[in-house]
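J.: Produce the entire structure from the sequences given, and follow the hints as far as they go.
Okay, here's what each chain looks like letter by letter:
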Amino acid sequence: MAEWAAVVGIGQTRYKTRRSDVSIAGLLREAVDRALADAGVGFDDIDAVVIGKAPDMFEGVVMPESYLADALGASGKPMLRVHTAGSVGGSTAIVAASHVQSGTFKRVLTVTYEKQSESNAMWALSTPQPFSVHLNAGAGGYFAPIIREYIRRTNAPEGVGIRVAVKDRRHGARNPLAHLQLPDITEQEVRDSMMLWDPLRFLEACPSSDGACAMVIAAADSISGNKPPAWIRGVAMRSEPTMYAGRDEVSPQAGRDCAADVYAQAGVMDPRRDFDCAEVYVPFSWYEPMWLENLGFAPPGEGWKLTLDGATSLDDGGDIPWNCSGGVLSSNPIGASGMIRFAEAARQVRGDAGAHQVENARLALGHAYGGGAQFFSMWVVGAHKN
Amino acid sequence: MREIAVVAFSQSACVADIGAVNEVELIMPQLQAVYAQVGLNSAQDVDFVCSGSCDYLQGAAFAFVAGVDALGAVPPLKESHVEMDAAWALYEAVLKIRTGHADSALLYGFGKSSPGELPAVLSQRLDPYYLAPLWLDTVSLAALQARMLLDSGSITESDMAAVVSRSRQNAQANPLAQLAGDVGVAALLQDDYLLAPLRRGDCAPVSDGAAAMIIATVEQARRWGVPYVRLTGIDQRIESHNPCMRDLTDSVSTRQAAAAAGVHEAALDVAEIYAPFSHQEIILTRALGLDEATVVNPSGGVLAGNLMMASGLARVGEVFQRIVNGDARRGVAHATSGPCLQHNLVAVLEGA
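Just so you know, the sequences run in chain order A and B. Quick note on numbering: the first sequence equals residues 1 to 386 in our numbering. Quick note on numbering: the second sequence equals residues 1 to 352 in our numbering.
Possibly wrong hints are sitting among the right ones.
Counterexamples of contact, computed for chain B against chain A with all Cβ distances above 10 Å [as the list claims (entries may be wrong)]:
#1 Ser42
#2 Leu194
#3 Leu195
Pair ranges (Cβ atoms, derived) [said to hold, decoys possible]:
#4 Gln190/B x Ser20/A: 50 to 60 Å
#5 Met269/A x Gly225/B: 35 to 45 Å
#6 Gly225/B x Asp319/A: 45 to 55 Å
#7 Ala260/B x Met269/A: 41 to 51 Å
#8 Glu187/A x Arg223/B: 54 to 64 Å
#9 Gln181/A x Arg223/B: 54 to 64 Å
#10 Asp159/B x Tyr244/A: 47 to 57 Å
Partial pick of chain B residues on the chain A-facing surface, computed with a CB cut under 7 Å [said to hold, decoys possible]:
#11 Pro76
#12 Ser80
#13 Val82
#14 Ile238
Keep in mind that the hints were calculated from the coordinates and are not lab data. We put the CB at the ideal spot given by N, CA and C, even for glycine.
T.: In structure tokens, the structure reads:
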């Protein structure tokens, strides 16, 4: 019943620690201008604007879509601001797609961002709340015990996280937009880096980045630009509470349900075989093997074997490369990170991923998660409609 | 395009300071109420959930996670959230249903504004480089807007007081209102200015509370066998942020949204308008093109109680209830967001 929608334009900023040369609006415009140019359209061709970012406290701007309306050419148009925690980049893309899939609009601009240098995310995540234990904890401290439980369950060898950290940085070195450019990184270097939240070392964690990512999503009769469209073959979101009795925090049911939903829409029976590549939200090294299992690329307990076998590595010629762009481990403008996964999946099936292109990529998964690994958004994009 | 119906609505009383009641406790009674109206057991009985809230009211990142706890999202739900009034969550859900990915949706909005200083908190919504550092609060901005209207000669302070008087009088029939009473224009004009030309009565009170709604395709509403109201049009438009860049005495984006939503395709019996300041009701009534035939804000509107992040959804809910109760056949609901009516949503509801 849904109308066909496709990604026809993608624009990203270069990701880096501090973009003090531009305002928040200026940062977004870099990505938006590139996305519009990629789609071969101008602001007049855009029917609606959908914006997303992580918590407003990260920059200290309350409901920033108000301020950003002018810079995004939204005046006189519908505008929506999505916020679903770390999954927001993906959720925003899905909400933008629904503008077209619903038959309501022909061409929608969507953009997500974070300008972490104008804020202090650790402060924003640690404000004391009534009747709650006060935590001064970032995401790494939250996820480390869950990773330890994964290691306990699966008897995964100690070096798996290190392998992912090196692999994604080498992928990132192929991507000129990636924040971390570490082409010569070694496993020993990762092993020697400071232990932050056992078992996560400094080099096994994502950086803190400024950046924005934008896309133009269009209906089948409004395809534009010189590059092939990336057809949106499936979209899904799932949420579950942070805590409940019997919750499997290592492999959350919301993630498994979300994957099953989006695979069914796209006709994916065996994700490892059917996808040519995947862009999956891996902010901490060990989440690659964990999500390999949660997403059905590997049987339970065996995700780490794919990682160690090089199956997810472009450099090792793996059969199912994950995070060819360098992933979240190479660039993390939080609110945009999910959309970057979705956009990079689209770049692959458009054959437009430059030095990190997977040869003949036809079908790709974009994935994002957030909160206490409780919010999930995913899409499947293809070079063809079926 | 699929026909969509509103099938259930509930909102809490507007309370100035709810005390130690937390966000989950604000939301849950409203969810239970809308489940009961349709005969559902839980959020798992609808296809999609979307909410609206603002982290800065709670003073913590991720305010909406409290909502997910209130939902009892086990097994997991198809769920989304806007950092906007829940009227925009309704908008997102309408698109979702139109895609065919959902036949029904649960919506809710909540806000506990009492712990903070709302006008100052919302000053940080302004352009962070040029306006927010001035700590230009929402009441001051609205006062500037009211002054422009008065100076243009298109309204008088008596007109503003008349809006407040009617709100208080209408609210006497609304048990959920925070401010109600038989107050005349002359008495209101005797009050001191809070921030000239605004008197306290010209400004919506600060309220704590929540609202929830269930919508569905008309087919699903019939399967449920509950009374429903058709949502025949919904549109929303934003305009320039900088108050100096637009005519503050008009609301162009409301006119655009009203035209696109088909407001004037038939007569309107009722209008519920989200006007946090008395003069804004006059601007919006004009922008919506309403005449004497339409009853405006029979609930008292938000001048009688303003649930931040839920008041917009509640306007839609108020119109829904009046049509379901047989008091009206067709009505318009309006929601606003941003400084001086920057962003506006218009929804048209009609009896089945």
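J.: It remains to establish, for every hint, whether it holds in the given structure.
T.: Hints versus structure:
1. Ser42: Check passes; 13 Å lies beyond 10 Å.
2. Leu194: holds (22 Å)
3. Leu195: Given that every Cβ of chain A is farther than 10 Å from that of Leu195/B, nearest at about 21 Å, it holds.
4. Gln190/B x Ser20/A: 50 to 60 Å: At 54 Å between Cβs, range holds.
5. Met269/A x Gly225/B: 35 to 45 Å: For Met269/A and Gly225/B the Cβ distance comes to about 39 Å; the hint holds.
6. Gly225/B x Asp319/A: 45 to 55 Å: holds (53 Å)
7. Ala260/B x Met269/A: 41 to 51 Å: holds (43 Å)
8. Glu187/A x Arg223/B: 54 to 64 Å: holds (59 Å)
9. Gln181/A x Arg223/B: 54 to 64 Å: Distance hint for Gln181/A, Arg223/B holds at roughly 57 Å.
10. Asp159/B x Tyr244/A: 47 to 57 Å: For Tyr244/A against Asp159/B, whose Cβ atoms are near 54 Å apart, the range 47 to 57 Å holds.
11. Pro76: holds (4 Å)
12. Ser80: holds (6 Å)
13. Val82: Check passed: Cβ of Val82/B comes within 6 Å of chain A, closer than 7 Å.
14. Ile238: holds (4 Å)
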